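Model the placement of chains H, E and Y on the given structure of chain D, informed by the hints.
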Amino acid sequence: MTYYAYFVAGWLLLVGVYGIVRSRDLVHAVVSLSVCQSGTYVLLLSVGYQKGAVAPVFGSTLPTSTPVVDPVVQAMTLTDIVVGATVTALLLAIAVQIAKRHGTVDPDELVSLEG
Amino acid sequence: MVLFIIGGGCVAAMLVLVFLDMPAFGGKHHPYRDHAIPAAVQHGTANVVSAVNFDQRGIDTFGEETIMLGSVVGVAVLLRPGEHEHEEEGPATGRVLDSTRLAAYLVLAVTMIVGLDVVLHGAITPGGGFQGGVVLATGAHLLYVGGRYPALRRVTPEPVYEAGEAFGAAAFAGLGLAGIAVGGAFLANLLPNGTFGQLFSAGSVPLLSIAVGIEVACGTVVLLAQFLRQELAIRPNESG
Amino acid sequence: MLAVAPVRFDATAAHLLPIAITVPIVIACVLIAGRAMPRWTSDALAVAAALGVAGIDGAALASTTANRVVAWAGGWQPRHGFSVGVVLVADPLNAGLALLTAALMAAALLYSWRYFESAGAHYQALMLLFLAGMQGFAFSGDLFDMFVFFELMGAVAYALTGLKIEDRTSVQGALNFGIINSLGAYLSLAGVAVLYSRTGQLGLAQLGHALDHQQPDALIVGGFVLVSCGFLVKAAVVPFHFWLADAHAVAPSSVCVLFSGVMVELGLYGFARVYWIVFGGTLPGDDIRRAFVVIGLVTAVVAATMCFCQRHVKRLLAYSTIAHVGLFLVAVATLTAEGTAGAALYVAGHAGVKAALFLLAGLALNRYGSVDEWELYGRGKDDRLTGVLFLLAGLALAGLPPFATAIGKGVAEEAVAKAGYPWGPALFVIVSAVTGGAVIRAGLRIYFAAGPRPHGQGQPATRGDEERDVSTTIPRHPPTMMLAIVGLLAGSFVLGVVPRWYSAFGNAAQRFVDRNGYIAQTLTAAPATVVHHLPDVSWTASSVVLGTVSALLAVVFAFAGLYHERAPQPVALVGRAFGPPLRVLRGVHSGHIGDYAAWVLVGLAGIGALVGLPLR
Amino acid sequence: MSEVVVAIALTLVLVAGTAVVMTNDPERQAVTLSVLGIVLTVLFVALQAPDVALSQLGVGAAIVPLMVMLAIRKIRATR
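Chains as they are written, first to last, in the numbering used here: chain D, 8 to 122; chain H, 3 to 242; chain E, 92 to 707; chain Y, 67 to 145.
Bound-form chain D, shown alone (with noise of 0.2 Å):
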């Protein structure tokens, strides 16, 4: 368990670059590339975890002197997530483009920029 999550995370970000390799659909290798980003997210809270902490918001009745996960890595977190999201859409639009000039979205046919 105490590098579990670290490992896991590891494994999103490799196994993402797999799918980009191994793909035959231009949106898989978007999606593929999401996954590689949630990755990230993964590495990034279990960094700032603690046992037994709560969740950094205290509210009117929680003191606040309470042991709180790190804060800063989720702020980090969020960023991440809207991002991701947006290139992600950015991406698929581009890739939306590449099917109505090419006819094809598997990158094996795609042919016109070489050497």
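Calculated directly from the structure, the hints in this document are not laboratory data. All figures in this text were calculated on a predicted structure; none of them were measured in a lab. Beta carbons: idealized from backbone N, C-alpha and C, even for Gly. There could be a bad hint or two in this list.
[To be verified] Partner residues aside, some chain H positions facing chain E, computed with beta carbon under 10 Å:
1. 80
2. 167
3. 239
Just chains H, E and Y now, with coordinates in the frame of chain D:
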């Protein structure tokens, strides 16, 4: 694929070595947190995540909202109808049961209220401009279920939403600049901090949260509308 | 040279930094909200915004000569060396880079005055958001904040690359660019998380302070390699460079100006900044120097070779940019103030020249509907003026004195030789001559119909058919376009002849490598330390001679390219021996996104091995 | 107890992520992606990150899969 196996193998080995050097999962070593919490308390922000997002590291969120703005504009540019395409006017009214429509409008109302609540209470409870904005935008798309695409187009005239998105982003920027004028630093706090845990606490955080909420709600609507339009209305010309 | 008065920060100067980021965003919002406004208004507004940012950057640059400008956002000044806020820091080098960014943006917007009708005001809005991203990235003094602005630059850049949606290659280039850059960014973010787990810090200065004198273990090396990965992808260092040729070849010419002129160089800047401030106190310099001189060398050689093989003019220019990045990296990797000064000046000179070349290629595209060197053979005969500009820019690219490329190259060459790489000057001369030669060859063919008419032998090269930047053919070059081109070339020329300007790079580089000063000033507002020994940035006999030699060699290479078929037997045999390896090299540049992603991992592993293994 | 939940959620994320990559048919991938989004939401709740979980639920489990779906249908239609 051979490349991937070589490269991936080496990178995996490197990651394992790195991870083994990291502090164990769930440990107590979080120096930044130990500074961030008193800082949030000092500014009366009960939700420390919001404090970090909008107050302490507000400039990150500013950049993030600009990414959102840029991506939405980018998608709008990329998915504009090309030379060999035209936009079809869909049938004016969809054949949807009145009861379905009613239900959709009801759910819409509930979603709107929830969304607004999440935006406004971002400083106190989990949530904030971003999450609330997403909820609001999702609500608007219930119209797609309830009234089909033409109805959605009527309530989501894209230029209005685009302007709304730009307004949200500009409001964030304006609050940042006002921080220079009033508080002596970019994005500095403008308002009194108020009582910890109350609605009107946390200084500028609720204002920034609302700006983000407007931007995200409008931006998400435009984003989804672009994809819906591609799917439903844009057709290649007969000759092209 | 500079008397430094120990003053506390000028608060007014500190405000300039966030304002430089905010102004283009606000104007972009106005453009988006007011889409119905007439075209000339949005053009004028966008150009004015870029010029305004340039003015702000100029003011920031002026206030950095004595002291760094430090702006803590949100007013979270550090207490006892720690702050929960995000800091923006300007020293002469990054303020100058930001100024260059804004100036190039103004030129690019001027060039595209009244064009891209179909994209409307969205085009200018995207350009301004791109500018905001570059400003933010240049000024940011926080690792996560750098990631955010890195992604902002990236996201907007993908959209700008794919702007010409009717073009087959354009959208594909945009996707390759998007996926590879995002992948790099996510690997960087993983690196940020790794470093955060050890130090609990995100600010560059705080991270550097926390890592000082630590034994470089796997975490530090791995964190460094991961974080650098994103920057090196942006900088298009081999083997992370594949996206660049695809993206540059297809993006609108005005966008290429920014990509090649500053965006790629900003990647290199980010890499150097993070190394110096964060890792300068823990990773041994010898190790880093060895690793990155090798990587820079490989980059320069591979890209120069690819450059000479191209017939698609914009792709040729793109490979030339990669080759130059290789040279910049070699100079920066000497880890000396001299090398940094040379690289910075070289970057500035290169930006003007390369930007002018992309715009010239854009002119050809608008006029003839192609940027294919072979198809355009002799087509530009009636347009000698443009042809002369093209050749002049080619010579300047090779390093013809007194362009700033020549003096920058000269300073860098001396620094590399002094750092223990006696082959350095030869590398600089040959690589710059090959890329300059390729440009001159293309110019001679297109505008002067020199050499025999080229004919293909079933080469699988990317051809230069491309959608025009404008919707209709323009018979004459509009004055705004010519103004932008001449202005850019003149900028590079003037920078090379005004001693006050080029010698300022010595001070800038000294500040950049003054790690302790950066950390102390950011965290405790300590005044900048007085530096007695500044690197000497001036024309020397060797820089004049080597620059002239490069330019002459470029002409020789150009004619060799034109008349290679008439070469005498022994020379032709030698040439043929290069055939098979060249084919392999070109085959590697497959345009296939999966291959590119695999190469990213190989590069990551390679850098990890180069940096990490000697430390065991 | 909470640690067991985290471990289970991590394992689910690992499986779901791998499944997304291994799903070759993009249309089905939109579904597995949505599942990954939901599983990640659960993990974030277990890691005491309700703010992040809320966005992940909206974005990762709903909006992104929806966009993927729409993009795929458009691409199908162009062929």
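Now the hints, each set against the structure:
{"no.": "1", "hint": "80", "result": "holds, 5 Å"}
{"no.": "2", "hint": "167", "result": "holds, 7 Å"}
{"no.": "3", "hint": "239", "result": "violated, 13 Å"}
Checked against the numbered hints given earlier, the structure breaks only hint 3 and satisfies all the rest.
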